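Enquirer: My request is simple: use the sequences and hints to build the entire structure.
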Amino acid sequence: MRGPSRALGAAAAVLALGFTAACGDSGGVGGAEAAKQDKATAGETVTLNYWTWFPPEATLKEAISAFEKANPNIKINLREFDSADYQKQLPLALNGGQSLDLVGVQISAMTNTVREQLRPVADWQDELPAGWRSDLNTTMVTQTEKAAKDGKLYSVPLGSIGSSVMLSNAAMLKELGIPFPKTADELKAAVDKIKKEKPGVTPVVFTGEPWWQEEMLFTIAGQTSPSLSDDILAGRKKWNDPALVKALTDYKSLFDKGIISKSVLSLKGTRPAEQFTSGKAAFLVDGSWQSSMLSAAYRKANKIGLTDVGASAFPVVESGGSPAARGYAEGGLAIPKTSKHVAEAAKFVSFMAVGAGVDVWSKDLVLVPAKNGFKPDESVLTSQAARDGYAAVAAVVAGAGSARNSNQSFLNQVEGNAILDVLRGQSTPQAAADKMQKEWASRRYDTQ
Amino acid sequence: MSAYPTTARREATAPRPAAHPEPSTAHQVGRRRRTRRALLAAAVFLSPLAVFYGIYYLYAFGFLADMSTKQTSLSFTDVTDVGLENFRLVLTDPAFHTALLNNLIFAAVSIVAALTIGFFLAVSLASGVRFRRLFYAVFLLPSLIPLSLFATVFGRMLETDDGAVNTALRSMGLGSLTQDWLGSTGPAYTALFVLLVYLVGLPVMYYTSDLSTLNTSVLEAAMIDGAKAGQMYRLILFPMLRGTHRTVILSVLLGSFRAFDVVYFSSNGQPGGRTQITGTYLYNTMMGSGRVGYASAAAVIVLVIAIAVSAVQILLERRSK
Amino acid sequence: MSTAIDNPLARLRQRPRDNAAVYTVLVIGGLLWAFPLISAVRQSVAHGGFGNYLTVLTGEFNQVSLIRAFGNSLVIAALHALFVCAVGAMAAYAFAKISFPGREALYHLVLIFLAVPAVAVIVPVYYITGQLGLFNSPLGVALPEAALTLPFAVLLLRNYANGIPDTIIEAARIDRAGHARIFWHIFLPAARPALVNLAALSVMWSLQDFVFPSMVLKNADTTTAAQAVQTIQSAFGPTPEQTSQYFAALVLLAVPAVVLVVAGLKFITQGITAGGSKE
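Residue numbers (the working numbering), protein chains in the order written: chain A, 1 to 448; chain B, 1001 to 1321; chain C, 2001 to 2279.
Please note that a few of the clues may not be correct.
As the list claims (entries may be wrong) - Straight-line distance between alpha carbons at most 20 angstroms, and here's what the computed EDC-like set of lysine to aspartate or glutamate pairs gives:
#, chain 1, residue 1, chain 2, residue 2
1, A, Lys435, B, Asp1093
2, A, Lys280, B, Asp1162
3, A, Lys438, B, Asp1093
4, A, Lys152, B, Asp1078
To be clear, the hints were calculated from the coordinates, so they are not data collected in a lab.
Note that the coordinates shown come from a computational prediction; the quantities given were computed from them, not determined experimentally.
Expert: Here it is in structure tokens:
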């Protein structure tokens, strides 16, 4: 009969297609072993697969093309991810045997979830230039080591970042005659003026996602108790410590006083930055990695229409407090076990961490570089507001009282949501703090 | 919850082979040989199914049961045994209770929407209105495209400042109704209920098919007796489709356990994890953290419940035959 | 469906007032139902006009190309349908046309797994996929998808098979034909309508699947359309123009599913309602 045989032919074709496309990867499931190295013959191009979430694509592409020019037989294939998504995607991919040569590692958030699939730096440091370690800021390297459960160095930090800091539309502030607010009261005055003069502008924006709430909370807490975050995460203090309850109350007060509008809490992803760059918001609260907006060249390259941008630490809420942020080494570059081109990958790592690459990416001001004695080219800061802003951000990050650390699953499931409940008026600060402490003590979120 | 069509109409027990009247010894031997051959043939035809089931159900469940007593990360190395600790942690997690409760709530809402809106739409479309195909396509579309997509679009619509819902409300002069939809429990649930109503397409399909085979003489008699349209809907049609109602209810109930995309891409549990369902709970627990053992224990519990519901459904079907 | 001439349900709209009510509800309902997609289209052209669609169609976002994503979705959907139909047909034949002891009990055992959610088995599926070496492969997605669709397939096909008269089969057996021959030459052609319905349904479900692709497919060039919704999101940065482009991408990702489903709507409907055939 023709029916079945035609169907059979179609089926065979599909199966054939499926099987040829089926050559999939085997797992690193069960513990990957370091992949054998491909010996690169002279003149042959080696392609490196690079996954990361940071620095942003625009910045990295510049660095990569500079590297490729200096190393014509190495090509780099870059893939960028959203920060929160990356925390899920990288472990999933590495454990699935995905062949990658270079990976960015969120030092505090991700080191332990992926370290079993990474080659410890000690294994390939021979490929790095001699004395590389002393070229890097000791604090940052130590922080990177301490992040791992076994205290080994799994990635090379590119620099450090901190949060929260506040960026401003300096041109708008100048137009309205508003000085950069240093305290919550000054911020309120600024917000009121903006609301009056520019009704279509949201004065203060930041992302309403759960994970960011911790940054805001500990920034405010750090203004009066600089080491609170470290103490709580290490178990020396409890989540319902009076200092934390006070910080929650202070954070909520910003909403009650009308400084921040509750509509901000529905912003997700890149929406806050989008509102800021399009002039619909005056202040953007974000991490120091957004300092790139201070650079006029960066704005031009990314078609951001703001004429002038300033920055500073987040305004002090409690009188008697001082500007604070949490900082940590960040932008770790690591080589996974599945890489077959360790030598070439190490070249890129050294380029980015201690080599000529630092000049390239530091122009975008995304990190305080780890390279010792390095001063970023400040010619990109073309206005006084930008220069002041960069200095203020660098100062508050350098003086960070606590490490920018968290327990990711606790943060995403409990902590962020508890803080949001307080802000939305569905819970009191004390009740939320008690709830966080109870969940923390339940050991449900203990990392392995 | 999209009504996963888990219960097509289950026919009565299959026709039995013709019985042989006189059991003499020769016949008995012949019967045994036939039985053996039948078993062999059945085994051959069922073997591919057995392979799939063996790997993706039996082995998988065994794996889950094993992992649930351990603590490990996604690389499955460095495994520590923790006994029943994971189960205790899952069962005492208020977030898990919320997730289970939400499964029921959302299933209930889907069922009510199907039995009212779905029913009405199906009847109206079956009554021969013009542009029937166009209406059909419009009402079914949200259920048929990838839910990840529809839920994402819906989620964006809910944004406080720029979302389409609030913008539309403002332009209609109903500015007082605008709010942060995912910011408080009430509006968030409302938004999700609305999203579930959008997915009423599959129940509509069930009703439509059954309506086409309906015995309409009762309807015609009622018309002659002067019954009003509303009465015909409520008092005649609705009871007549009792069997379909049951199919829809069971189908939606079972589908509620399989739901994931619809919540993950719209609210992802906001506000504060209050709108999460078992699907999002399991997914979020597994991803990104080294709590594979915990995730396995939660999965085991969800599976036990889901299979129990399915078993009850099978028993009910058999009893009603 | 009955024609308009003798459609008794049309009597529900006989009175002009009822007729108007029905049409009003349908039109308003239709507008409400179409609203999300219409608003997505509107936002996609808000900044940048219809050119956004061209940009999005030809570009790569986080290394994901939409066209390649469509292709991947289709390959997986085809594989899925193939497995489901082949394995389901064989199983349905056994359950419907071979009488063996314990058949009913085994059948119900098979059906119990209808309730298993995909999310509940992601941990073992991840491990199994690794052991089988199927990461980044269409098979790695199609196999678990098929496993989860098979209970329904068996249900659907067995119901339909019960409606295939035994007399033909008995006649063939008397002619000493083996089960293999009967299956191939008699059963499959007779079951073709149900198989077509099942294939259409399988394609639709596979196109909708997000969970398995998100775990198994990690390469940007193996991403499927439903998965791309999430993967491309971070590639659209903080400018209004790029937000519009993101919406354009979403609309485009919906198009193939819409086209396929509208084309196969008849089969999908029949499939879901178990081949609505009467006794």
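Enquirer: Which numbered hints does this structure break?
Expert: none
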